[in-house]
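In terms of the numbering used here, the sequence shown opens at residue 3 and continues consecutively.
Just so you know, not all the hints are guaranteed correct.
[Unchecked claim] Label-pair ranges, simulated between beta-carbon atoms:
(1) Q135 to T94: 30 to 36 Å
(2) P149 to P57: 20 to 26 Å
(3) D84 to C172: 29 to 35 Å
I should point out that these hints are in silico values taken from the structure, not numbers from a laboratory.
Fair warning: this is a prediction, and the values are worked out from it, not measured in the lab.
A virtual CB, placed ideally from N, CA and C, is assigned to each residue, including glycine.
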Amino acid sequence: MSFSELKDRHVAATATVNTLRDRLNQKRQQLLDTDGGPVLSECWTDMNQMKVLFPISSISINSSNSNIFVSGSCDATARLWDTRIASRAIRTYQGHYGDVNTVKFFPDGQRFGTGSDDGTCRLFDMRTGHQLQVYSQQQANNDQDIPIVTSIAFSISGRLLFAGYSNGDCYVWDTLLAEV
């Protein structure tokens, strides 16, 4: 099971459920209050359920406000969440053409980056919902076979975006110029 702690008492987890649902090979994501409170958010991948969300592949917690986090999903979107609003995402961000494998908040806490199966990284403004920049290896080296983005990280200043790829490469992008 993978998890990230939110504000010392919330846990976001993805795990196979050890119940009858487990026997049906269903998976779920839950946002739990670890002080014994209610499940804050629950999404099933079973298409027969009314609340369908695609599996969450990555979560990043906002360092400026630990109630806020962003998730990357297998439906090519990122979603902004607030632990105080339990049942739905605040905003959905689109632009990728493949699974969003990794998300990371920018150091200022107002923007966040994503990395996807489509081989691109993108920078989004959390408040406006606008896509600010696209970082693409195809633009960088005219490669026809673009590897998947598996991880991203920002420098402390936010000027550099480090992106890891499925072929073992690591690119360092200038976030302002969108150049390697």
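Against the structure, the hints come out as follows:
For the pair Q135 and T94, the supplied restraint of 30 to 36 Å is violated, since their beta-carbon distance comes to about 19 Å. At roughly 21 Å, the beta carbons of P149 and P57 sit within the given window of 20 to 26 Å. A hinted range of 29 to 35 Å holds for the C-beta pair D84 and C172, which are about 32 Å apart.
The structure does not agree with numbered hint 1 stated previously, though it agrees with all others.
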